[in-house]
Amino acid sequence: MKHKKKLIALTAVCALLAYWLYPDQHPVYPASDHYDPKTQTFFNPEPQQKPTGLTGAFWKILTDPQATHPPKPLPTVKPDWQTFLAAPERKSRFVWFGHSTLLMRIGGQTIITDPVFGNSVSPIPITMKRFQPAPAEIDELPPVDVILISHSHYDHLEKDSVQALNSKGNSHFIVSLGMGVLLKKWGVPQERITELDWWQSTERNGIRYTALPARHDSSRTLTDHNQALWSSFAIEHGSEKFYFHGDSAQGSHFDKIAEKFNGFDIAFIENGQYSEHWPNNHLFPEQTARYAAQLAPKRFMPIHWGAYAMALHAWNEPLLQSLPLARSLGVSPLTPLMGQVFDADTATQDWFAEPLQ
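Numbering-wise, the sequence shown is residues 1 to 357 according to full-length UniProt numbering.
If you're looking for bench data, these hints aren't it; they were derived computationally from the structure. Possibly wrong hints are sitting among the right ones.
[Said to hold, decoys possible] Quick list of in silico lysine to aspartate or glutamate cross-link-like pairs, DMTMM-like style, CA-CA up to 25 Å:
| id | residue 1 | residue 2 |
| --- | --- | --- |
| 1 | K256 | E46 |
| 2 | K129 | E354 |
| 3 | K91 | E240 |
| 4 | K159 | E140 |
| 5 | K298 | E317 |
[Unchecked claim] Pair ranges (Cβ atoms, derived):
| id | residue 1 | residue 2 | range |
| --- | --- | --- | --- |
| 6 | D33 | P65 | 40 to 48 Å |
| 7 | D36 | R204 | 24 to 32 Å |
| 8 | P279 | S219 | 14 to 22 Å |
| 9 | G238 | T346 | 16 to 24 Å |
| 10 | P324 | V28 | 45 to 53 Å |
| 11 | Q132 | Q82 | 22 to 30 Å |
| 12 | Q82 | D36 | 20 to 28 Å |
| 13 | A164 | N205 | 38 to 46 Å |
| 14 | D36 | G108 | 26 to 34 Å |
| 15 | D24 | Q132 | 29 to 37 Å |
| 16 | Q163 | R90 | 30 to 38 Å |
| 17 | A67 | S332 | 26 to 34 Å |
| 18 | E259 | K38 | 31 to 39 Å |
Here the structure is a predicted model, which is why all the values come from computation and not from measurement. A virtual CB, placed ideally from N, CA and C, is assigned to each residue, including glycine.
Could you put together the complete structure from these sequences and hints?
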């Protein structure tokens with residue numbers, strides 16, 4: 001019996017290693033300024049500086065949670081689904097679930113971005129744990145029409161969430177080029193996947209989605225580095241325009257995005273998980289504020305914070321540093337509670353700056 005248990009355990013370990021080490025087969029895409037068909041990998045037109053000191057940084061994140069986690073649960077509310085679904089035709093509504101997960105009600109359609117509801121955003125689940133449960137679980141969500149995913153990192157692409165949403169109905173996945181391979185592996189039918197390269201667009205039920213450049217990277221295993229693309233997105237319906245940042249460091253591509261779209265109703269921009277150890281992966285607070293001003297939105301909402309600690313800064317440091325500068329540059333921040341239904345005109349407070357009750 002003992003030998004049988006050992007054999008079962010060894011088989012499980014071997015299967016896990018095979019999953020991690022055996023590369024998925026991706027199509028070969030046309031050569032571009034961010035894809036090399038010879039290596040079959042994507043790259044940044046403006047190269048990234050290599051990360052340094054990762055082991056020490058992640059060890060500190062793991063062993064000193066008081067430095068990065070809120071001292072008490074963050075305030076949340078249960079989403080008012082009736083109010084959310086009743087969004088007027090030209091007045092879209094939203095719910096934030098923490099980090100980069102947003103539910104959007106635009107033009108009578110429900111869209112979710114980078115759906116991540118799990119307890120950890122790491123392949124090692126004892127690390128990078130969620131501060132507290134999301135304000136609602138996937139089975140509580142209304143039917144989702146479109147699932148928009150920016151890239152394949154664990155804090156933006158979660159297998160359990162993808163499979164749960166896939167099982168709920170006929171949601172259509174709009175993703176960055178190369179991500180379809182993994183979605184199909186997880187059971188999403190090919191006909192419900194649209195992959196976009198930078199500057200490519202697709203339209204579904206009157207809503208236009210355009211994949212936009214970003215300066216980042218992608219990987220989930222030891223063998224799939226940069227085999228799928230990373231993007232930000234513009235979402236347009238009627239006279240409304242919204243920007244969803246995904247992940248991106250500073251770069252000249254922001255100038256092109258700002259010039260092409262000439263303002264947004266809301267710009268949802270990354271504001272957190274930055275570090276000098278990985279300086280070209282995420283925006284630092286000052287960069288977030290200046291990019292928000294450059295995009296000229298009616299409102300700027302910081303995302304990529306409030307749920308997981310993936311860097312060495314305090315949980316609310318990104319907003320404490322970026323929002324005063326954004327205001328001085330004429331940008332109006334939007335900081336709803338997680339679970340709150342809001343729109344581009346919702347008045348919000350800097351609740352993250354006050355002692356947690």
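Against the structure, the hints come out as follows:
1. Annotation: proposed proximity of K256 to E46 holds, straight-line Cα distance about 14 Å (limit 25 Å).
2. For the hint pairing K129 with E354, the CA-to-CA distance comes to about 23 Å; that is within 25 Å, so the pair holds.
3. Restraint check: the Cα-Cα separation between K91 and E240 comes to about 8 Å, which is no more than 25 Å; the hinted pair holds.
4. A hinted pair counts as satisfied when its Cα atoms are at most 25 Å apart, and K159 with E140 qualifies at roughly 18 Å.
5. Proximity of K298 to E317 is assessed by CA-CA distance (about 24 Å); at most 25 Å being required, the pair is judged to hold.
6. Evaluation of the 40 to 48 Å hint for D33 and P65 yields a pass: the beta carbon distance comes to about 41 Å.
7. Hint check: D36 to R204, Cβ distance near 31 Å, so the stated range 24 to 32 Å holds.
8. Between P279 and S219, the C-beta spacing of about 18 Å keeps the proposed range 14 to 22 Å intact.
9. At about 20 Å, the beta-carbon gap between G238 and T346 stays in the expected band of 16 to 24 Å.
10. Judged by the Cβ atoms, the range 45 to 53 Å given for P324 and V28 holds: they are separated by roughly 48 Å.
11. A hinted range of 22 to 30 Å holds for the C-beta pair Q132 and Q82, which are about 25 Å apart.
12. As the Cβ distance of Q82 to D36 is approximately 50 Å, the hint placing it in 20 to 28 Å is violated.
13. One distance hint, 38 to 46 Å for the beta-carbon pair A164 and N205, is violated here, with the actual separation near 23 Å.
14. The beta-carbon spacing between D36 and G108, approximately 41 Å, falls outside the hinted interval of 26 to 34 Å.
15. At about 34 Å, the CB distance of D24 to Q132 agrees with the hint of 29 to 37 Å.
16. Restraint check, Q163 to R90: a C-beta distance of roughly 34 Å satisfies the suggested window 30 to 38 Å.
17. With their beta carbons about 31 Å apart, A67 and S332 fall inside the hinted range of 26 to 34 Å.
18. Hint check: E259 to K38, Cβ distance near 32 Å, so the stated range 31 to 39 Å holds.
In the structure shown, a violation is registered for the earlier hints numbered 12, 13, 14, in ascending order.
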